Structure formats: C-alpha cells, structure tokens
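Could you put the whole structure together from the sequences, leaning on the hints where they help?
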Amino acid sequence: MRFKKSVIVLFIFIFVFICGVLYGIKGGNIFSELLGIFFSPVWKSGTYISDKFRKFFSDYLFLVNLKKENQRLKEEILFLKSQLNYYKEREKIYRKLEKFYKLSLPIKYPKIAARIIYRPLDPFSRVIFIDKGSKDGLSSQMPVLASAGGKAVALIGQVVEVHRTWSKVLLLTDPSFAADVKIQRTGDRGILKGKGGNMCFLDYLPSYADVKKGDIVITSGQDALFPPGLLIGHIVSVNKKLVQGLFKRAYVKPIVNIYNLDIVFILIKLPQIPL
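Residue numbers for the sequence shown, in this note's numbering: 944 to 1218.
I should point out that these hints are in silico values taken from the structure, not numbers from a laboratory.
There's no promise every hint is true.
Capping the alpha-carbon separation at 30 Å, the derived lysine-lysine pairs in DSBU-like fashion look like this [stated by the list, open to error]: (1) 1183 - 1138; (2) 1054 - 1136; (3) 1111 - 1078; (4) 1196 - 1054; (5) 1155 - 1138; (6) 1184 - 1196; (7) 1017 - 998.
Note that the structure is predicted; figures quoted are calculated from it, not measured.
What follows is the structure, encoded as structure tokens:
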C-alpha cells in the first residue's frame, strides 16, 4: 500500500517536473505542450488516415471521371465511324450517278437518277420503289433503266405508280410486264413477258425466225412505250415446239442483275408518236 502511494507521488513529481521544464523552455502553455506530447501519436495517426482517405477519394473521383471520359470517347468514335460510313456510301452513290449521267443512249432522252428505297422481301414480288415522284417530273409508263456495264444501259422495268416523292416500278421479270422487242442479229420481233425469278420469255416469234442461244434482245420501239435499241438480255434457250403451230418461244435472261441494284434512272420523256 505504502509502495503504491510512493509510485503515485513519484509520477506526480515527474509530471510536475516535466511541466516546469517545458514551461521554462517554451514559455508557452504547459497544458498545450502536454496535450501535444500525449496526443501527438493520435493526431499523426488521424492525419495519416485522413490523407489516405483524401487520396483514395481523389483517386476514386479520377477513375469515375476517366470512365466517363472513356465512354464519351467511345460514343464519339462510334459517331465518327457512322459519319465516315455515311460519307463513303454517299461517295459511292455520287460515283454511280456520275457514271450514269455519262451513259449514252441510242436516242437522246432526258433522264433522272433515282435511288431504290424499298425492295419487298416477298420472293414472288417483282416491283421496286424509288425516291423520285411527280415533283421530279415522273409519270406512269416511263421506262426505267440501269447500267449494263461500260457505257451500255439496259431496260429493267417501267414506272406504274407515281406519288409526289416516290414511285413504284414494275420489273420486266414480272408476269404482267410486256414490251415489243426484237432479236438484234436478225430483226425478228416478238413480245417480251416476265416469267418470274430472274427470267423472261419471248413470245410470238415467227416460226421461221432464226433464233439462237446467245442472241441479244433489244427493244424495237414499236410499242410507243420504250425507245428502240435498249438492251434487255440474251437468249438462253429456244422452245422448238411451236406455240399454236405458228410461233416460237424463247427464254431470255436479263443482262442486268436486277436484285443487286441500288440506283436506276428514268427516261422522263417518251418518244412522240408521229401522226
């Protein structure tokens, strides 16, 4: 018991002694100095933790902002890619239009280019829709053509329905299509009709007509609908059996692959029928 009291007294003495020394040296507030001595480790620990927390929070905000910036850059890259693809497509269309307007026709008719805006998925449908209409000078029955390679053009159909900003085109492979045509080599005439798929047939050829596989079929200009000399296709086979005992029938494959087209052009004036 007496030993404990002695220890307490000694501790108090040492404490007072230290306070006196500090007061004499620093000339400041003794209690502030003591608080500094006893709580300095705690303060240092608190400061360390606080600094670490601030750094963590700062790094977190940096990463969040970096993620947002990355997302923004990704969106910008996607936008620029879409713009690049758009302008590439526009350049392709421009090149095709430039080529189309340089094409030569057997007879000079004003022509206007049009883009195919819709092609039905129905395999039995033989129509397309284009982005030109009455405001562009189109009317029903106008011939529709496409490039056949090089400077040649070929007939692919006819305008059958016209609206202000778009029109419907009946393709020559449709069973309801008909045109007066002839064999380029011999001049023998017949009526071209659509067969469906990517084929046509040539009816009412004279029985004496000298028709061979590979012969080129062109418009005759005798139906007041299509100008003469437009390419259509070539003969792929001839039916030797006469139709009604009077006429031959031949099968024609169009020169143009209609289902790969994206641009066509329309002859906006028809030939005048002489009186």
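Hint check results:
For the suggested pair residue 1183 and residue 1138, the alpha carbons sit about 18 Å apart, so the restraint of at most 30 Å is met. Among the hinted pairs, residue 1054 with residue 1136 is consistent with the structure: their alpha-carbon atoms are about 25 Å apart, no more than 30 Å. Straight-line distance between C-alpha atoms of residue 1111 and residue 1078 comes to about 14 Å, which keeps the hinted pair within the 30 Å bound. Only pairs whose Cα atoms come within 30 Å are accepted, and residue 1196 paired with residue 1054 is accepted, the gap being roughly 25 Å.
Restraint check: the Cα-Cα separation between residue 1155 and residue 1138 comes to about 19 Å, which is no more than 30 Å; the hinted pair holds. A C-alpha spacing of about 20 Å is found between residue 1184 and residue 1196, which places the hinted pair at or below 30 Å, so the restraint holds. Annotation: proposed proximity of residue 1017 to residue 998 holds, straight-line Cα distance about 28 Å (limit 30 Å).
In the structure shown, no violation is registered for any of the earlier numbered hints.
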